[in-house]
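Participant: Which chain is which? The protein sequence lines are A and B, in order. Just so we're aligned, residue -1 is where the first sequence starts under this note's numbering, counting upward by one. Just so we're aligned, residue 619 is where the second sequence starts under this note's numbering, counting upward by one.
Rather than coming from a laboratory, the hints here were simulated on the basis of the structure. Bear in mind that the values here come from a model prediction, so they are computed numbers and not experimental data. Some hints here could point you the wrong way.
[Said to hold, decoys possible] Heads up, simulated SDA-like pairs for lysine to any residue below, C-alpha to C-alpha not over 20 angstroms straight-line:
#1 A/72 with B/860
#2 B/662 with A/72
#3 B/833 with B/871
#4 B/640 with B/1025
#5 B/864 with A/85
#6 B/864 with A/93
#7 A/72 with B/857
#8 A/70 with B/833
#9 B/864 with B/802
#10 B/833 with A/47
#11 B/833 with A/67
#12 B/864 with A/57
#13 A/72 with B/858
#14 B/928 with B/634
#15 B/967 with B/863
#16 B/928 with B/637
#17 B/967 with B/814
#18 B/864 with A/65
#19 B/662 with B/680
#20 A/72 with B/854
#21 B/833 with A/44
#22 B/864 with A/64
#23 B/833 with A/45
#24 B/662 with B/814
#25 B/864 with A/89
#26 B/662 with A/45
#27 B/928 with B/967
#28 A/70 with A/102
#29 A/70 with B/860
#30 B/662 with A/15
#31 A/70 with A/112
#32 B/833 with B/868
#33 B/833 with B/983
#34 B/864 with B/822
#35 B/864 with B/928
#36 B/864 with A/86
#37 A/72 with A/52
#38 B/740 with B/728
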Amino acid sequence: MKILLSFDIDGTLELGDPPGGVTVEMVRRAHEQGFIIGSCSDRPLSSQRAMWERIDMVPAFVASKHQLGDVKMKVSADAYYHMGDRDTDFQAAEENDFGFWWAHEAVAEPWLALQEDE
Amino acid sequence: MAREIGWERNVDPVGIWEHRGKVALVGRGHSTTDRRWDGVSMDKTLGAYAMVAAQAAMEDAGISPDEVDGVITSAGGQPGHRSFGEQWAPRPYFDPPYDTEDGLTFVTAEWLSRQLGLRNVKYLNSHGETFWNLMGLAFQAVGDGRCEVCLVPYPNGNLEGRYHQAEGLSAPGAAQWSSPWGWGLSGQGFVFDQYCRKYGSNHDRMAPFVVQERKNGLLWPHSYYALHEPEPFTEEDYVNGRWIAKGLSIFDCDRPVQAAACYVVTTAERARDMRQKPVYVLDHTEGMFQPRSLVQTLEESEEWSDILAKRAYAGSGLRPGDIDLFSPYDGFAINAQYFLEAFGWRGVKRGEAHDFYAGDISLHGPNPLNSGGGNMGTGRMRTAFVTDPMEQLQGRAGDRQVKVDANVAVTIGVLPGNACTLVFSTSPD
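Chain A on its own, in the form it takes in the complex (with noise of 0.2 angstroms):
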């Protein structure tokens, strides 16, 4: 089962700006698991995929929050899923059946468990 994990920046990723309490260690932890990894954030596409070069990451996508759906789209997975600290998050999630954490919930890693539901 592919699972398309879609991260917010600012607020959620330790590297945003205020930092979030999704380590870059739990991001490189879903990836090497076969998740399909990539952000959706207000922040510039290029300031995003200089994010991911900074960490020596390649990620499936990078959008921008409202083009969520695009992502959607053109990314093929079985399931969906968006994490953000904003109700914008929430917002982009919903609108585009996109399961969602919030940001305080994604430290826990709640996509390993889904996983383990296979």
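Please build the complex by placing chain B on the supplied structure of chain A, with the hints as guidance.
Facilitator: Just chain B now, kept in the frame of chain A:
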């Protein structure tokens, strides 16, 4: 000190400013720029940053604290003399001895004067409003002789959390129709949409302007982006920005930051003995307008900016062709064209701004619009709008130094409904 009123030059015909060329900018200083204050670090408060900026400005001008006889500030950097902290969600004051936020989220002239140990100050004023009006107030005060060597700090801050999100208890008057659903930002997009419909343009055509501003801002060492987000900002980035309200993208909105700048303003006579080449003030004019109906329209934005431009030309005695550098406020980038077209800089007429943006507005080209990068290029410091023209006219803008012969610079802000125009020159004549 009580707020002074009636200093603004906002009644037509304004006439040539009585102090034209007799007041000068001679020093500037900046703090570093952070994204926000953490509410804890006492070396990163607005007060701390204002002190850093003031000391740097005095050093830049080559003066000692004992030479300063006036301090004029905009305490919170906001309209209505408010602390910026007031715009965040309610929160308690700090524990004693901090029974005031003076020096934390706002900086009064009294506080700064005490902290800097300014012994010879005879004029203090903490009611400078937003940045351009603050500078106008200072120029008028020095011209009027209220003080001779004046520090003019402008602190502008940002706290954690979201601002303008505090719940209000009332929505009086026309606000009853707009406040409940947040017209403030929607209104910006509404007027821009009217502009695009009237002149056959679209939002994407703003991209070259905003991208160029970021390029310029990255060349300014104090800018937020140079310090914290040095990646180039591209047209792809701009056109993929999320709508805040239709017609207003997230990349049309300046990023709130925590920073302070300070200027030394003095008489042309005293300026001759100071370290830096004087930048003479030829004029300041102001204007404040109210919409005829509930919300501002394009017609009003154009009418008001036309009045402001005519007033500035009348007050300075200049014509459009005399302006070498033009720096219109861009805190909402989609407002800049109203000023550009009203002033007719480089012959730009109504509806032509986006064509102009598509041409060469590069820093080293013939039309270096907002050579300092504005707020889109530096963050919401606002002070790039004076520091850059000042440095350009002094010939010390470094990598940002324009190639055109720069002798006269004009800057205007904030928005068409409430703005001040400042006119600077290398010559007092």
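Participant: If any of the earlier hints don't hold here, list their numbers in rising order.
Facilitator: 2, 8, 11, 12, 15, 19, 24, 26, 28, 35 and 37
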